Amino acid sequence: ADKILLKTPIAFGSHLPALGTPIKWVSEQLSLMSDKKIRMKIYEPGKLVGAKEILDAVSSGKVNSGYATAGYWQGKMPAAAIFSAVPFGPEAGEYMAWLYYGNGMSLYQEMYDTAGYNVKVMPCAIISPETSGWFNKEINTPADLKGLNMRFFGLGASVMEKMGVSTSQLPGGEIFGALEKGAIDASEFSQPAIDQRLGFHKIMKYNYFPGWHQQATVFELLVNKDAWGKFTQAQQAMIETTCKASMTNAIAEGESMQFEVMAKAKDNGVEIRYWNDTMLSAFEDKWSEVVVEKTAADPFFNKVWSDLSTFRKGYDLWESHAFLPRAVK
Amino acid sequence: MEINEILVIGMFISFIGLLFTGIPVAWVLGGIGVVFAGLGYLADQYLDTITGLDFLTLGLVVNRVWKIMDNWILVALPMFIFMGNMLDKSGVAERLMSSMQELFGHVRGGLAVTVTVIGIILAASTGIIGASVVLLGVMSLPAMTKQNYSMPLALGTIASAGTLGILIPPSIMLVIMADQLGLSVGDLFMGAVMPGLMLGAMYVLYILTVGWLKPDAAPIPENAKKVTWGTVAKVLKAVTPTLFLIFSVLGSIFAGIATPTEASGVGALGATILAIYYRKFNLKVLNNVLGDTYNTTAYIFAIFIGATCFALVLRELGGDELIESFLTGLPFGPYGIIFFILALVFVLGFFLDWIEITLIILPLLAPVISALGLDINGYGVVDNPELVWFVMLVAMTLQTSFLPPPVGFALFYLKGVCPPEVKLSQIYKGVIPFIILQIIALLILVYWPQLVLWLPAAAYG
Amino acid sequence: MKQQVSPVKMPVADAIDRFIEKVGKTIAWVYVLLILTIILQVVLRKGFSSGLVVLEELQWHLYATGVMFGLSFAQTTQSHIRVDIFYARFSPKTKSIIDICGILLLMLPFVGVIFLHSLDFVYDAWRIGERSDSPSGLHYRWLVKAVIPLSMCLLALGMLAKLLREIQFLSRGKLSGN
Ligand code: NA
Ligand code: NA
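If you read the sequences in order, they're chains P, B and G.
For reference, each letter of the first sequence is one residue, going 1 to 329 in our numbering.
For reference, each letter of the second sequence is one residue, going 330 to 790 in our numbering.
For reference, each letter of the third sequence is one residue, going 791 to 968 in our numbering.
These are calculated hints, taken from the structure and not from any lab test.
Be careful, since some hints might not be right.
Unchecked claim - No farther apart than 20 Å at their CA atoms in a straight line, the calculated lysine to aspartate or glutamate pairs in the DMTMM-like style are these:
1) P:294 / G:923
2) P:3 / B:712
3) P:36 / B:377
4) P:52 / G:910
5) P:41 / B:334
6) P:47 / B:399
7) P:24 / B:334
8) P:244 / P:255
9) P:162 / P:44
10) P:225 / B:383
11) G:836 / P:144
12) P:266 / P:255
13) B:396 / P:2
14) P:264 / B:712
15) P:41 / B:650
16) P:36 / P:91
17) P:162 / P:285
18) P:3 / B:399
19) P:137 / P:161
20) P:41 / B:373
21) B:613 / G:811
22) P:225 / P:35
23) P:286 / P:144
Small disclaimer: the values here were computed from a predicted structure and weren't measured.
Please construct the entire structure, taking both the sequences and the accompanying hints into account.
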């Protein structure tokens with residue numbers, strides 16, 4: 001094809017920093033680089049199709065591309081969660097290492113292929129850690145969590161349920177009202193700069209870190225495979241390279257904007273806390289229980305999990321020697 | 330003009346044209362979507378456009394229908410409808426009417442005030458215009474006729490009180506508007522309280538003034554009993570359970586016991602318990618209530634489905650951008666644009682129900698309003714204060730648009746339940762003062778956005 | 791709101807309408823289940839701090855079933871909202887022609903599009919054993935997705951019944967010469 005129009009429904013509003021802004025950048029860059037021969041028309045969530053329907057829409061060819069995160073498909077393919085964010089999983093550097101230079105990408109594509117989805121997948125943004133959630137009391141021991149009603153999403157929710165938390169998965173717009181009125185007691189959503197937009201800091205006192213459930217989150221561009229096959233090699237390369245560049249852009253943007261928001265929240269009386277060791281190891285214990293269940297329940301989850309684990313075991317040697325200790329709190 | 334622009338305009342024109350044939354609105358919307366998807370496809374083949382529309386793309390309708398089904402917030406819709414139906418079918422609403430009538434019977438205009446108050450209470454439970462107007466008409470018109478009320482006053486009161494339903498929370502319309510625009514249901518419910526009460530108060534004041542200036546228009550019945558403490562006690566006894574129900578629904582939201590969605594379920598159960606308490610509950614009543622709820626929910630939902638197809642094709646044709654650039658390009662300044670939009674909504678309200686307007690027009694307007702850069706004070710608490718305020722303006726405009734002769738929906742509903750000797754012209758005459766009141770209220774809201782925003786800010790601040 | 795009883799028997803149309811009504815009267819009970827589910831959830835969550843994602847999801851499953859199947863019921867009771875400013879004044883023959891055109895040109899194509907595309911939608915969900923994307927949510931997503939084609943079938947049937955009635959009405963009018 002001489003000219004390409006990528007009709008791209010997206011899963012996050014393009015106004016959301018680091019969550020939605022990267023794909024807007026991608027669409028601008030594609031147009032610039034290709035001299036307007038590749039255009040990406042972005043459809044805000046729900047305008048054409050809802051966020052959770054993007055995979056189906058792209059695979060069936062109802063649209064030729066879409067931007068989402070694989071975690072949204074874990075009801076369809078349990079392993080999808082691993083390509084989105086893993087509790088106690090890798091940070092962005094290690095994650096990208098596994099994806100691009102380990103077996104990550106081939107497994108990622110294999111997952112869609114074996115499940116019969118007619119899509120070509122590319123990681124197209126990655127963000128740094130999320131917050132662990134907002135609470136109205138201090139959490140020092142697992143007992144403090146018991147009986148809480150909390151909004152939590154994805155694999156982390158399974159962990160929280162094992163901790164005795166009753167989880168729900170309210171949509172972003174409902175969380176504030178539910179928190180404010182006490183319908184739920186706590187909530188996680190995303191990074192500080194994004195949580196700020198939902199107004200959690202107005203009503204919640206304690207903001208906990210680190211985001212053990214999402215140390216890095218990958219976002220994907222899906223392209224219908226038939227459409228992809230019709231692109232020239234140059235066009236394919238342009239799209240793939242732009243997505244790779246978008247990984248850099250997204251993490252840089254995300255990394256740049258959190259501290260200011262946190263400092264402001266601190267000024268407004270929010271207590272920013274770091275999970276103590278008891279809590280962190282409790283989360284990790286429960287997570288390993290979840291992993292046992294997941295790997296037993298789904299062979300492909302098991303396959304991806306083993307591969308990632310092997311890679312990470314190897315990486316440990318490097319990691320434990322290569323980095324300076326973190327800045328002191 | 331581009332071909333896709335012609336198609337967009339064609340969609341709207343054929344929609345309006347086909348509406349008046351009397352083919353159900355939902356299927357006009359859906360059908361036009363399908364037909365224009367076909368036209369878009371042909372244009373791509375022969376006229377060199379790039380709408381990208383074809384049979385496959387049209388399949389997105391299924392994903393969109395699924396998105397409507399997979400919607401936790403809309404669960405409130407059948408529940409509120411159930412609650413309203415139960416109050417009606419179990420005679421609870423009627424009991425409310427007759428007892429309040431005893432209390433206000435000796436005041437000039439008292440009966441009309443009663444109708445308004447009941448309208449507000451019903452409003453809080455149903456939110457379905459047709460149902461409220463019909464119910465109020467059936468319950469109160471005979472009584473007002475017997476008491477020799479001036480027909481226009483009686484009819485005007487019923488029509489206007491019946492339309493309050495879509496504004497006063499818990500309102501289905503507000504639930505759906507919140508869903509469409511990504512606003513908080515709580516903010517909208519809270520925001521609607523003061524405008525709704527203000528409007529109710531204006532109605533009451535008007536009725537009392539008429540009763541005072543023109544005693545013949547609202548005569549006191551000859552057999553009016555003096556109000557004794559006994560009457561008051563009796564009325565209280567009759568009213569309390571229902572009021573309790575209404576407040577428990579709103580209260581459970583605001584006290585954090587339940588989300589608005591869950592509160593609707595609490596309300597449905599509460600109405601059932603009330604019916605049991607009054608010994609009006611049996612399997613037949615339940616079956617009737619269920620049948621009506623099933624039916625009503627479905628015909629509202631049908632429009633959702635039709636509209637989602639219409640909106641999909643409209644979007645693929647670039648209709649969103651077209652409308653947005655048209656509206657923002659108007660040479661009127663921000664408030665001029667707002668008045669233009671409200672006037673448009675008002676006119677559309679003549680032949681569209683609020684459901685279609687909310688589902689098709691509102692999402693197109695929201696970005697325009699956001700782009701105006703209005704400085705509306707949300708007290709740092711209400712998100713998107715300009716949208717919350719604007720939604721209230723639209724809600725009140727819509728409510729007004731149900732009343733104007735000769736096309737207001739409320740008038741037809743009312744005519745449907747009037748005895749044949751009541752003339753449509755009497756209804757027309759009766760609603761005019763109320764329309765004027767509505768417009769005044771609307772102007773007040775435009776001038777003082779705080780009337781909308783203060784309460785949600787205070788509640789959540 | 792009820793369909794006027796036609797003086798002439800129309801066995802097929804009548805049977806379809808009776809069937810849809812029967813299905814409707816049964817499925818309407820999902821709203822009772824819905825009330826109970828909501829109350830149970832509220833009580834568990836507020837009373838015992840143990841709300842269940844399953845109950846949360848069951849709510850919209852029930853709601854979705856109710857509204858979708860209700861479409862055909864509202865079709866047989868002729869209660870879908872129409873703007874009847876002019877329609878009410880049309881002659882029965884004109885009304886009949888409008889209804890026939892509406893069903894053939896707008897309603898059935900629309901319902902057909904949803905039905906045809908929903909088959910793949912349901913099949914995919916069944917093929918890969920789709921379940922809730924919440925780990926503790928409901929399984930068998932294809933079940934609730936199957937509501938789409940089933941309810942569309944029922945709705946199309948209801949429309950066909952109406953079509954039969956109108957065609958019979960028109961042809962009868964022709965025979966008796968009015
Ligand atoms: Na998150
Ligand atoms: Na209402």
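How the hints compare with the structure:
1. P:294 / G:923: OK: residue 294 of chain P and residue 923 of chain G at ~14 Å, within 20 Å.
2. P:3 / B:712: violated, 41 Å
3. P:36 / B:377: The hint holds at about 18 Å.
4. P:52 / G:910: Within the cut-off at roughly 16 Å; holds.
5. P:41 / B:334: holds, 18 Å
6. P:47 / B:399: holds, 16 Å
7. P:24 / B:334: Roughly 25 Å separates the two Cα atoms, so the pair is violated.
8. P:244 / P:255: Measuring from Cα to Cα gives roughly 17 Å; hence the hint holds.
9. P:162 / P:44: Violated, because 35 Å separates the two Cα atoms, which is more than 20 Å.
10. P:225 / B:383: Given pair residue 225 of chain P, residue 383 of chain B holds - Cα atoms ~18 Å apart, limit 20 Å.
11. G:836 / P:144: Distance of about 17 Å is within 20 Å: holds.
12. P:266 / P:255: The given pair, whose Cα atoms are some 18 Å apart, holds under the 20 Å limit.
13. B:396 / P:2: Judged against 20 Å, a Cα distance of about 35 Å means the pair is violated.
14. P:264 / B:712: holds, 19 Å
15. P:41 / B:650: holds, 12 Å
16. P:36 / P:91: Between residue 36 of chain P and residue 91 of chain P the Cα gap is close to 35 Å, so the pair fails against 20 Å, i.e. violated.
17. P:162 / P:285: holds, 10 Å
18. P:3 / B:399: Roughly 37 Å between the alpha carbons, so the hint for residue 3 of chain P and residue 399 of chain B is violated.
19. P:137 / P:161: holds, 19 Å
20. P:41 / B:373: holds, 18 Å
21. B:613 / G:811: holds, 16 Å
22. P:225 / P:35: violated, 24 Å
23. P:286 / P:144: The hint holds at about 16 Å.
Hints 2, 7, 9, 13, 16, 18 and 22 from the list above are not met by this structure, while the remaining hints are.
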